[in-house]
Amino acid sequence: MMSLPFFGFFAAFCLAWAERRGAALSLGLVSLVVLLLLFRRHATDSLPLSF
Amino acid sequence: MRAWLGLALNLRCGPRPSHYGLAILSALVGGAISTRQVLLHIMPGDAGRRTVLGLHLYTWALILFVVIAAGCALLLMFERQFEAEPSPGAGLKAFGVAAFAIAALLVLGNGVSTVLECGGGLCPDDPTDYQLLR
Numbered sequence: 014m015m016s017l018p019f020f021g022f023f024a025a026f027c028l029a030w031a032e033r034r035g036a037a038l039s040l041g042l043v044s045l046v047v048l049l050l051l052f053r054r055h056a057t058d059s060l061p062l063s064f
Numbered sequence: 003m004r005a006w007l008g009l010a011l012n013l014r015c016g017p018r019p020s021h022y023g024l025a026i027l028s029a030l031v032g033g034a035i036s037t038r039q040v041l042l043h044i045m046p047g048d049a050g051r052r053t054v055l056g057l058h059l060y061t062w063a064l065i066l067f068v069v070i071a072a073g074c075a076l077l078l079m080f081e082r083q084f085e086a087e088p089s090p091g092a093g094l095k096a097f098g099v100a101a102f103a104i105a106a107l108l109v110l111g112n113g114v115s116t117v118l119e120c121g122g123g124l125c126p127d128d129p130t131d132y133q134l135l136r
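Chains as they are written, first to last, in my numbering: chain A, 14 to 64; chain B, 3 to 136.
None of these hints come from the bench; they were simulated from the model. One or more hints might be untrue.
Unchecked claim - The following label-pair restraints were derived from C-beta to C-beta distances:
#1 A75/B <-> R33/A: 34 to 44 Å
#2 R33/A <-> H43/B: 15 to 25 Å
#3 M79/B <-> S59/A: 36 to 46 Å
#4 M14/A <-> F97/B: 32 to 42 Å
#5 S63/A <-> C125/B: 26 to 36 Å
#6 I44/B <-> A31/A: 41 to 51 Å
#7 R54/A <-> E81/B: 37 to 47 Å
#8 S63/A <-> E81/B: 42 to 52 Å
#9 H55/A <-> L30/B: 28 to 38 Å
#10 R82/B <-> L60/A: 43 to 53 Å
No residue lacks a Cβ here, since even glycine has one placed at the ideal position from N, Cα and C.
Using the sequences and the accompanying hints, generate a full structural model.
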């Protein structure tokens with residue numbers, strides 16, 4: 014599941030090569046959002062900070 | 003690598019502000035994630051992971067993301083690049099094709115290695131081996 018953003022970006026690269034600019038930009042943005050959502054679920058360790 | 007997509011679009015479709023915007027957004031997201039990982043190993047006594055030139059890879063990633071965002075912001079100031087009508091694909095020289103191909107293959111390679119490391123689910127917090135290569 015965590016590889017989804019990479020494959021999304023690879024597909025966006027393919028769309029960019031095919032000069033489908035809008036689709037590449039849209040897929041790039043969607044992949045970015047997916048990355049953030051996955052990172053939120055993945056990063057569960059609390060930071061070892063104390064002030 | 004995510005930030006490269008915007009620059010790759012510049013190579014293939016001509017410079018547009020939206021391409022730089024995507025690159026800057028990607029660099030900001032990458033910078034935020036790198037910062038979190040840097041903070042995870044910031045306490046004294048935390049050996050963390052291996053270093054390159056004295057800095058952890060997360061720190062290098064954060065530095066590179068800041069450089070990418072700053073570089074794109076600087077490039078946006080050259081407004082004459084947007085005056086010419088973009089000519090998609092025209093003049094993409096061998097170096098540009100190679101840069102484009104390397105970026106795309108690195109993204110694909112990272113995707114494949116993530117599947118090997120984490121399978122179909124979420125990656126463990128601190129992966130030590132490849133789940134699909136056990």
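For this session: Against the earlier hints, flag every one the structure doesn't satisfy and list their numbers going up.
Result: Checked against the structure, the hints that fail are numbers 1, 2 and 9, while the rest are satisfied.
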